[in-house]
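Peer 1: Generate the whole structure from the sequences, applying the supplied hints.
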Amino acid sequence: MDDFYRDFILDHYRNPRNCGHLDAPSASAEDVNPLCGDRIRMELDVRDGLIADVRFSGQGCAISQASASMLTESIKGMRLEDAAKLSKDVVLENVGIGISPTRMKCAMLGLRVLKSAAIGEIAGWPDEE
Amino acid sequence: MDDFYRDFILDHYRNPRNCGHLDAPSASAEDVNPLCGDRIRMELDVRDGLIADVRFSGQGCAISQASASMLTESIKGMRLEDAAKLSKDVVLENVGIGISPTRMKCAMLGLRVLKSAAIGEIAGWPDEE
Amino acid sequence: MIALDDTKLARVIGDFPILARPTSRGKRLVYLDSAATSQKPNAVIETLDTYYREYNANIHRGVYEIAARATDEFEGARAKVARFINAAPQEVIWTRNATEAINLVAYSWASNALHPGDVILTTELEHHSNLVPWQLVAQRTGATLRFIPVDARGELVLDDLDALLEGVKLLAITHVSNTLGTITPLERIIPRARAAGATILVDGAQGIPHLAVDVRALDADFYVFSGHKMLGPTGIGVLYGKRALLEAMPPFLAGGDMIRNVEYGRASFNDLPWKFEAGTSNIADAIALGTAVEYLQTLGMDWVRAHERDLLAYTLERLAPFESRGLAIYGPKDPSISSGVVSFNFADIHAHDLASILDTEGICIRAGHHCTMPLMDKMGWSATARASFYVYNTTADVDALVDGLEKAARVFKL
Amino acid sequence: MIALDDTKLARVIGDFPILARPTSRGKRLVYLDSAATSQKPNAVIETLDTYYREYNANIHRGVYEIAARATDEFEGARAKVARFINAAPQEVIWTRNATEAINLVAYSWASNALHPGDVILTTELEHHSNLVPWQLVAQRTGATLRFIPVDARGELVLDDLDALLEGVKLLAITHVSNTLGTITPLERIIPRARAAGATILVDGAQGIPHLAVDVRALDADFYVFSGHKMLGPTGIGVLYGKRALLEAMPPFLAGGDMIRNVEYGRASFNDLPWKFEAGTSNIADAIALGTAVEYLQTLGMDWVRAHERDLLAYTLERLAPFESRGLAIYGPKDPSISSGVVSFNFADIHAHDLASILDTEGICIRAGHHCTMPLMDKMGWSATARASFYVYNTTADVDALVDGLEKAARVFKL
Ligand SMILES: Cc1ncc(COP(=O)(O)O)c(C=O)c1O
Ligand SMILES: Cc1ncc(COP(=O)(O)O)c(C=O)c1O
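Sequences listed follow chains R, X, C and L, in order. Residue numbers for the first sequence follow our numbering, beginning at 704 and rising by one. Residue numbers for the second sequence follow our numbering, beginning at 704 and rising by one. Residue numbers for the third sequence follow our numbering, beginning at -3 and rising by one. Residue numbers for the fourth sequence follow our numbering, beginning at -3 and rising by one.
Keep in mind that the hints are not guaranteed to be accurate.
As the list claims (entries may be wrong) - Computed spacing ranges between beta-carbons, pair by pair: (1) L:G72 x R:I822: 51 to 61 Å; (2) C:D373 x X:A787: 25 to 35 Å; (3) C:G261 x X:A787: 53 to 63 Å.
Claimed, not checked - Below are the DSS-like pairs computed for lysine-lysine, each with C-alpha atoms no more than 30 Å apart in a straight line: (4) L:K403 x L:K23; (5) X:K791 x L:K76; (6) C:K329 x C:K374; (7) C:K403 x C:K23; (8) L:K238 x L:K165; (9) L:K374 x L:K165; (10) C:K374 x C:K23; (11) R:K791 x L:K409; (12) C:K329 x C:K4; (13) C:K23 x R:K791; (14) L:K23 x L:K76; (15) R:K788 x C:K238; (16) C:K76 x C:K238; (17) C:K409 x X:K791; (18) C:K329 x C:K403.
What the hints contain is simulated information worked out from the structure, not anything from laboratory work. Idealized CB from N, CA, C, for every residue including glycine.
Peer 2: Set out below in structure tokens:
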């Protein structure tokens, strides 16, 4: 796991992108990882079926926060229905190096919340699909 | 245990002495061994502090029934207060050969009920005194 | 008929270390009390050993290596049990034993779902564990108890089943009688109870060790069992429940692991199955139950059932000559509707005395009321002797029992 | 100060097989999570093994040899635990864990004894297991919850204790905080709660593993604990209760072993302690907990306490230089009022990341809310890292932790 914390991960952790809130989000969701208490909120601005803008907020470990930060970058401009179908690979590709199974839920929390926002109900854990 | 079942034990089991009921017992008690369901009732006729007569009834294994039968013979004519203080030795001497620990409560059920009748409240297990 | 030189059976026996240990009198251990608790194969014992020597750690919240392994093995065991009964893992709740599982349903479901006048239907065969909790529920809720009667052979009398089912909110019924071995005809009873709108709990404590169980095919709402009767360790059991029912039920025990979020003033609760698992689970024993289930699957439940049916038939055949000498055999004498249990009394030898005499020969049977006092009262038996079989028993064990009866006859001068 | 070459300590370490097993990365296992669950000595593991290989049998009702041995060992273990806490065997009820013991009191005692307006007093330090059951009791009975506050150091504020005790029917209080290590001043609180007429339950889950406990001297009405945190196996715990209280309480779980007499329509119940033990007990693990208690007695609880106090002092000394680099240490920093627990955060490294990095070095610590979410909220911590000690830990383990912190600082480019 120690090789996970590369510079760009720490950068996303310490300087999260798209962090904060939208004035009038057209979709949003929030969830916690009950095992560790990490919490993430995602707010989307959807126009013509496309994700025009996104903000996330929350607290937690470097894995959950950096993964969420990178995810917001990946999805800007994406069709909402495609975002709803994202698999865990998007997160795994963003972070680059395999995450230990015990921390997988940390990495997937942002994606889970994004998908919940996209489908309008609580989504399952992406790693259990 | 197989050497326990000598002729006189089987005789007491099959032909219990002092078995039945008294017309007007001056003291009585009844109890079950919750582990095996054996049940014994003791009725005493006490005159001038002496056990003038005794009857027992019940159902159960050869150990409990024969021990109770022999006990009734041991206590006839005994002072009630002495009966109340009887130790498990009276039973062990009657039956003659050591009883396995798992069956000790069977052997002591009659004595426990007798002591309960003598003291007017539920007595403890004689083997745990 | 089973051959004693059956290599599979020989291999099975070799898997159970306790069977190789002579008694203090130097006798071979003839274990005929598996309905009380089964013996454990090496694989199960070694699972416990490996857990404590290699990866003992508290589960779910630990990020370090041994905690991850413990969590995986623990949830993996749940998945094994779920597959064994054809359920989803979320529907498998760990409990201490079948009794706790029944009480969980009694507290969490029945205390809320039952109201004055509602009827709980059960049978006259039940173990105290599937009777007394409902007596207490009846006291708490004002519901009443009703019983499906048994006949003199120990079979359920279903003639009036539809009348009995009237107003029934809960049917609580055993899969197999621990006293008589009767397999209840669940496939005939459950559809009618379902049609009558009843919720159905099956006490599988004596069912699942001996019969292939598919909870979906059975269509029970709840199915409960104990690990220790199916080659698993003591201290672990299972409540299976249909997901929608479990989702709707409030938690039973509260504390660590079953919560989602807690404030000083209030709490919300975790998803299934953890909602019903409060405090540190019996981690080691749950994992070992997973091993027990694998062991049974490797044997094949069809083999298990066939083996026990054959043993039962052999036993009835060997015991028949004793009937003229005062042996009374209780329960259905048809191995096709009976699991591996034989209950009996021998002349005027009390069951406890019989058990003590057999013990001197290394033969372990149970004597007493088998936690079915009302059934004993109804049948007019003060106690019975009970021999019960499992995967490791052989015709040689039955022969030893028969020799033991001869010895008892000699001791009691019959 | 403890010397690392202490021969007693070396012998202790040798008794724990898991500590001799390197991690998958070839690191020495540095186990600093005993507050979650302790490791087990050979003697405990072997007790389980011997039980299953030599005398596994159901207890109390069996007349044969192995059943008699199992019964003797099971009740013998109860007697050992009773002596360990200075109670009578009848006052020692086996449960799965501390959580179940608390829930037993919540259902059997509190649901009957508490009424609308009654107050349950607890503390802001409690583990969810000693909080959520009382929230549910309050919902069921109309009682209200009140809290003894903690200060910023994690010590209870007792200034207003007499006012807080007004109208209190139940005081439910931890002996030791699992998150901060705080030892609560029970000897000051209990007499005042007693004077106020409260019934007193002490959550001893983190107390009894580390401190000598005499329940009579403590004058608690109930004292609960888990075997797995005190060198015993998972799946077994204890409810100690004063005899008169337990006698007056109705049964909790119903079923086999806890009954005296059963008819179809009603049942009467067994004597203590069996009245509260329904279904087949966790026989093997109860016996093994007896072994764990013997092991602790052989070490001597005074040695255990002194060892942990010394380790805690050493840890605080080694961690002090990190404070200028962003290390925040929580909880009382006085080893005389703290058990072997250190909770901390290091700069902006989240506790989970810290735990993952330490894991790569074989160091096992816990990260998160430690089942004390409300305390975390109050203190304003989203998570903490926690290192906790037990009999087998050494200054070398603390040194490894310190090296691990240096590594984490490098990884996070602090
Ligand atoms: C203070 C405290 N109370 C109660 C518990 C619950 O113990 P168990 O999970 O063994 O029931 C714990 C265990 O984490 C604890 O630390
Ligand atoms: C039919 C039946 N139900 C329930 C039980 C209770 O099982 P446990 O004691 O493991 O809870 C038993 C065990 O004897 C049983 O035979």
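Peer 1: Decide, hint by hint, whether the structure agrees.
Peer 2: Quick rundown of the hints versus the structure:
The hinted range of 51 to 61 Å is satisfied by G72 of chain L and I822 of chain R, whose Cβ atoms lie roughly 59 Å apart. Our hint of 25 to 35 Å for D373 of chain C and A787 of chain X holds, since their Cβ atoms are close to 33 Å apart. At roughly 58 Å, the beta-carbon separation of G261 of chain C and A787 of chain X lies within the given 53 to 63 Å, and the hint holds. A threshold of 30 Å between alpha carbons decides the hint, and for K403 of chain L with K23 of chain L the separation of about 15 Å falls inside it, so the pair holds.
A distance of roughly 26 Å separates the Cα atoms of K791 of chain X and K76 of chain L; the hinted pair therefore holds under the 30 Å criterion. Restraint check: the Cα-Cα separation between K329 of chain C and K374 of chain C comes to about 19 Å, which is no more than 30 Å; the hinted pair holds. Using a Cα cut-off of 30 Å, the hinted pair K403 of chain C and K23 of chain C holds, with the two alpha carbons roughly 15 Å apart. Of the supplied pair hints, the one linking K238 of chain L and K165 of chain L holds, its CA atoms being roughly 16 Å apart against a limit of 30 Å.
A distance of roughly 26 Å separates the Cα atoms of K374 of chain L and K165 of chain L; the hinted pair therefore holds under the 30 Å criterion. A C-alpha spacing of about 37 Å is found between K374 of chain C and K23 of chain C, which places the hinted pair above 30 Å, so the restraint is violated. Taking the CA atoms of K791 of chain R and K409 of chain L, the gap is near 28 Å; set against the 30 Å cutoff, the hint holds. Taken as a hint, the K329 of chain C and K4 of chain C pair is honoured in the structure, with Cα atoms around 27 Å apart against an allowance of 30 Å.
Between the alpha carbons of K23 of chain C and K791 of chain R the distance comes to roughly 62 Å, so the proposed pair goes past 30 Å and is violated. Between the alpha carbons of K23 of chain L and K76 of chain L the distance comes to roughly 37 Å, so the proposed pair goes past 30 Å and is violated. Straight-line distance between C-alpha atoms of K788 of chain R and K238 of chain C comes to about 29 Å, which keeps the hinted pair within the 30 Å bound. Proximity of K76 of chain C to K238 of chain C is assessed by CA-CA distance (about 17 Å); at most 30 Å being required, the pair is judged to hold.
For the suggested pair K409 of chain C and K791 of chain X, the alpha carbons sit about 28 Å apart, so the restraint of at most 30 Å is met. Simply put, K329 of chain C and K403 of chain C have alpha-carbon atoms about 25 Å apart, close enough for the 30 Å limit, and the pair holds.
When held up to the earlier numbered hints, the structure conflicts with 10, 13, 14 and fits the remainder.
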